[in-house]
Amino acid sequence: MRRQSPISALYAVKKAEKDIAVVKANRLPQVNAQVSRIFNGEKVFDNDHNDSWAAGLSVSWNIFDNNVTSAQVQENEATLRRLQSVYEQTREKIELDVRKAYNNLIAAEKNILTTQTAVKQAEEEYKIAQVKYDEGVGTNLEVMDAQEKLTETQTNFFTALYDYNVSKAQLDKAMGVPIYIDVVLYDESVQNGKSADFALKNSILNDKSQRS
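Just so you know, the sequence shown maps onto residues 61 to 272 in the numbering used here.
Careful: at least some of the hints might be erroneous.
[Unchecked claim] Derived CB-CB ranges, DEER-like:
id	residue 1	residue 2	range
1	Glu-77	Gln-214	54 to 64 Å
2	Gln-149	Lys-78	53 to 63 Å
3	Leu-70	Thr-177	41 to 51 Å
4	Met-235	Gln-134	34 to 44 Å
5	Lys-187	Asp-232	36 to 46 Å
6	Gln-207	Glu-155	43 to 53 Å
7	Asn-262	Gln-207	25 to 35 Å
8	Lys-160	Asn-216	16 to 26 Å
9	Ile-166	Lys-84	47 to 57 Å
These are computed hints drawn from the structure, not numbers from a lab. Virtual Cβ for every residue (Gly too), placed ideally from N, Cα, C.
Turn these sequences into a full structure, and let the hints steer you where they fit.
Right, here's the structure in full:
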């Protein structure tokens, strides 16, 4: 289900407010003023004429509309209250979605760093197990266990990257700013000895041309 745009909800509120103002204005007395100048001479532009001014003012007020205007005002005000409620609910939901998506994104980013550290530690343990096995002081089972642990941490690492993309997509949906992370580019930066912060910033794709 597509979320209603806050702009369209606000526009509906403003339109309802304007409709109420128009109906209330029609209920007020209508005042008409008229001013005219009368020329009495033979020629308008000669000085041999006497002119005079006439002014008039009329007021009309429909007080016998069987309360139609009042009923219309009440109906429009009820519509306005409903639209205001829709707008507030839309705004609050957007704020909630943004806050939730942002918190998920921060957690996902921290998880990337955590799993990356676990991968490095598992790599070291795997190397140590191999060296011990080659020197005859370790067993093949220790090597296999270390390799299994390394595979698990690597899987967790790439899962963390995927979760980051999912969290970012959720934030994109709430804010309308698409940003994605290139998992391969991130991993290459890490393998080249770059810091996690640098790798993360370097692998962010900000537009469609970069993602194509």
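Verification of the supplied hints:
no.	hint	verdict
1	Glu-77 to Gln-214: 54 to 64 Å	59 Å, holds
2	Gln-149 to Lys-78: 53 to 63 Å	22 Å, violated
3	Leu-70 to Thr-177: 41 to 51 Å	46 Å, holds
4	Met-235 to Gln-134: 34 to 44 Å	39 Å, holds
5	Lys-187 to Asp-232: 36 to 46 Å	40 Å, holds
6	Gln-207 to Glu-155: 43 to 53 Å	47 Å, holds
7	Asn-262 to Gln-207: 25 to 35 Å	29 Å, holds
8	Lys-160 to Asn-216: 16 to 26 Å	23 Å, holds
9	Ile-166 to Lys-84: 47 to 57 Å	50 Å, holds
Figure legend: structure checked against the earlier numbered hints; the only hint not met is number 2.
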